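K.L.:
Every letter in the sequence shown is one number past the one before it in our numbering, and letter 78, counting from 1, is 78.
Any given hint might turn out to be false.
As the list claims (entries may be wrong) - Within a straight-line C-alpha distance of at most 25 Å, the following computed DSS-like cross-link-like pairs (lysine-lysine) qualify:
| id | residue 1 | residue 2 |
| --- | --- | --- |
| 1 | 93 | 67 |
| 2 | 55 | 33 |
| 3 | 93 | 53 |
| 4 | 67 | 55 |
| 5 | 55 | 93 |
| 6 | 53 | 67 |
| 7 | 67 | 33 |
Claimed, not checked - Between beta-carbon pairs, the in silico distance windows are:
| id | residue 1 | residue 2 | range |
| --- | --- | --- | --- |
| 8 | 90 | 25 | 35 to 41 Å |
| 9 | 58 | 90 | 27 to 33 Å |
| 10 | 62 | 28 | 20 to 26 Å |
| 11 | 61 | 84 | 34 to 40 Å |
| 12 | 49 | 92 | 16 to 22 Å |
| 13 | 1 | 54 | 38 to 44 Å |
It is worth saying that the hints were derived from the structure and are not from the lab.
These numbers come from a predicted model, not from an experiment.
Even glycine gets a Cβ: it sits at the ideal position worked out from N, Cα and C.
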Amino acid sequence: MRLIADLHIHSRYSRACSQDMEVTTLAKWARIKGVNLLGTGDFTHPLYFADLKNKLEATDGGLLRLKGQSEGPYFIPTVEVNNIYHQGGRLRKIHML
Numbered sequence: 001m002r003l004i005a006d007l008h009i010h011s012r013y014s015r016a017c018s019q020d021m022e023v024t025t026l027a028k029w030a031r032i033k034g035v036n037l038l039g040t041g042d043f044t045h046p047l048y049f050a051d052l053k054n055k056l057e058a059t060d061g062g063l064l065r066l067k068g069q070s071e072g073p074y075f076i077p078t079v080e081v082n083n084i085y086h087q088g089g090r091l092r093k094i095h096m097l
C-alpha cells in the first residue's frame with residue numbers, strides 16, 4: 001500500500017482553527033485528496049480525546065479508523081509540543097510532533 005500521510009493536524013480545540021476540524025470532516029477530505037493516514041492532532045485535550053474515543057476504533061494493525069468503516073483513512077494519535085528556550089541571546093522555538 002502506498003502511504004500518503006498528513007501528521008501535522010490541529011483540532012478545533014487549537015487556537016485559530018476551524019470548528020470543522022474534527023475526525024469525521026478530516027476523514028471526508030482525506031478521501032477526496034487521497035490521504036490515507038492522518039494524525040489526530042491535539043489528542044491530549046480532554047474534550048477532543050472523548051470525541052476521538054467515541055468516533056474512532058482500533059484496527060488489527062494498531063491504527064485507528066472511523067467506527068463502522070471497513071477502510072481508511074486511518075488515524076494515529078498525535079500532539080504538537082512547542083519547545084521554547086533562549087540560546088545565544090535569542091528566543092528559539094522548536095515544534096515537535
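K.L.:
Evaluate each hint against the coordinates.
P.N.:
Now for the hints, and whether the structure bears them out:
no., hint, in the structure
1, 93 with 67, "violated (37 Å)"
2, 55 with 33, "holds (21 Å)"
3, 93 with 53, "violated (31 Å)"
4, 67 with 55, "holds (6 Å)"
5, 55 with 93, "violated (33 Å)"
6, 53 with 67, "holds (10 Å)"
7, 67 with 33, "holds (21 Å)"
8, 90 with 25: 35 to 41 Å, "holds (39 Å)"
9, 58 with 90: 27 to 33 Å, "violated (44 Å)"
10, 62 with 28: 20 to 26 Å, "holds (23 Å)"
11, 61 with 84: 34 to 40 Å, "holds (36 Å)"
12, 49 with 92: 16 to 22 Å, "violated (30 Å)"
13, 1 with 54: 38 to 44 Å, "violated (27 Å)"
Checked against the numbered hints given earlier, this structure breaks hints 1, 3, 5, 9, 12 and 13; the rest are met.
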